[in-house]
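Asks: Sequence:
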Amino acid sequence: CSKINSNKRLWVFLDEFNTTPSIGLFKEITCERTLLGEPLPKNLMILGACNPQRRKNPKATFDDDIGIKKDRYETQRLAHIVGSMSLLYTVVSIPETMLEYVCDYEYLDPETETKYVRAMLHSCEKLNSDSSWFEKTAVLIKISQQFFREYEDVSSVSLRDVARFCRLYNWFLKSICIREGDVQLSTDLTNVLNRATLVALSLCYFFRLNGQTERESYTKAVQQVLTSDNKYAGKPLVETLRSEQEKLVNLMELPSGTATNRALTDNIFVLIACIINRIPVILCGKPGCSKTSSVQIVISNLKGKKSKNVYFQTLPELVPVSYQGSQNCTSDSIVKVFERADKYLKAKNETELLPVIVFDEIGLAELSAHNPLKVLHSELEVETCRHGFVGLSNWRLDASKMNRALYLACPDPDVNDLQLTAKTILKSMTS
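For the sequence shown, the residue numbers in the working numbering are 1431 to 1861.
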């Protein structure tokens, strides 16, 4: 290609080049401008991007409070292959010669990020109609971003989270109009905007917190912003969220003996919102926290025009495309899953089909020596994702994967959850 267009520059982009043991080859390409000893064309320009080699915050508990621990032998084996497991990003050291070509762009300063947030919020329907709530929403996103930078890591949130917020806000606003009628929007606009904003905020930020203490700290920070103006001092964040969850879950048909505990309702609510909006979602928790059953319930209820519920008839028909992760899976096998999903998009059907890739045990795939999850990066970008994507894992993944998906932490059940589950099981046994 470079020879055919010898009078033009040909740019080659090497993304995340420090995530492979073959980094010596990239060093030869960029520094020596040769490939296996052969010189590269003069019009070939090399551009690369790498992840930071930074250790996890030892004070943060977000990596250990959810799910089960990785097998110690496997983590040690993987550490020898792709770097230390104590790193936030799974990377290898960059050769010193190559470091001379690396520029650190750091992060957006608060003022610049606020400008980006405000610009992106203009894509939220009806939000501009209430200027004071528009400003309030910008502040809510700002304090949410800051909260997670302090709680997790400075790179744990980005403008991807803001883009997801805008998409979820628009979807939920439309959902309210369909389920409750446009009259609600015209008669009580402030209340509808409040509900859409708080639900989108919960989906992007609240659900990714692991423990009750962390969630209470976050809701307290949100409530301080809301109560600063009596005009918006309505229902608290959690109360608004639970109310909307109950409305949506009540529309679904659940298998007999299913307890609608907190874990199940959280999972179902997040799954519907993310799948319909083609936002990748990763459910992380110990076995038995309703991850798989929630996916099955959502898929069995959303049948397009064949759905029993009127609202669900307005949504696409979900088609599951399952994949079982393991320590032996490869990039090629994952690519074939996406190719299978693409066939459903091309198929002609009376009902709109939405393939949903269900990647079970995605955490095991991360332990593979083949590093197969790299192919997910381009597929899971919020702007280009064509399918529903659900990853089920018993532990958190590498930060580069987590940042591309909405993350739902599934904490251990509390006493109320256990009591509700026990009562439901007993009722199903005696009925």
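The hints are simulated quantities; they were obtained by calculation from the structure and are not laboratory data. It should be emphasised that the depicted structure is a prediction, and the values quoted were computed from it without experimental measurement. Heads up, the beta-carbon is just placed ideally off N, CA and C, and yes, glycines get one too. Take these hints with a grain of salt, some might be off.
Claimed, not checked - With a Cα cut of at most 30 Å, we get these calculated DSS-like pairs of lysine-lysine:
1) Lys1716 x Lys1650
2) Lys1738 x Lys1604
3) Lys1735 x Lys1778
4) Lys1733 x Lys1604
5) Lys1486 x Lys1457
6) Lys1556 x Lys1604
7) Lys1766 x Lys1778
8) Lys1677 x Lys1650
Unchecked claim - Computed beta-carbon distance windows for the label pairs:
9) Asn1739 x Leu1850: 21 to 27 Å
10) Gln1726 x Lys1472: 54 to 60 Å
11) Asn1558 x Phe1443: 21 to 27 Å
Asks: Please go over all the hints and tell whether each is borne out by the structure.
Replies: Checked hints:
1. Proximity of Lys1716 to Lys1650 is assessed by CA-CA distance (about 27 Å); at most 30 Å being required, the pair is judged to hold.
2. A hinted pair counts as satisfied when its Cα atoms are at most 30 Å apart, and Lys1738 with Lys1604 qualifies at roughly 20 Å.
3. A threshold of 30 Å between alpha carbons decides the hint, and for Lys1735 with Lys1778 the separation of about 15 Å falls inside it, so the pair holds.
4. Between Lys1733 and Lys1604, the direct Cα distance comes to roughly 19 Å. Compliance with the 30 Å bound is thereby established for this hinted pair.
5. For the suggested pair Lys1486 and Lys1457, the alpha carbons sit about 26 Å apart, so the restraint of at most 30 Å is met.
6. At most 30 Å may separate the alpha-carbon atoms for a hinted pair to count; Lys1556 and Lys1604 meet this at roughly 11 Å.
7. Proximity of Lys1766 to Lys1778 is assessed by CA-CA distance (about 21 Å); at most 30 Å being required, the pair is judged to hold.
8. A distance of roughly 24 Å separates the Cα atoms of Lys1677 and Lys1650; the hinted pair therefore holds under the 30 Å criterion.
9. One distance hint, 21 to 27 Å for the beta-carbon pair Asn1739 and Leu1850, holds here, with the actual separation near 24 Å.
10. Take Gln1726 and Lys1472: their Cβ atoms lie about 57 Å apart, and the range 54 to 60 Å holds.
11. Under the hint 21 to 27 Å, the C-beta atoms of Asn1558 and Phe1443, about 36 Å apart, miss the expected range.
Going through the hint list in order, the structure does not satisfy hint 11, though it satisfies all others.
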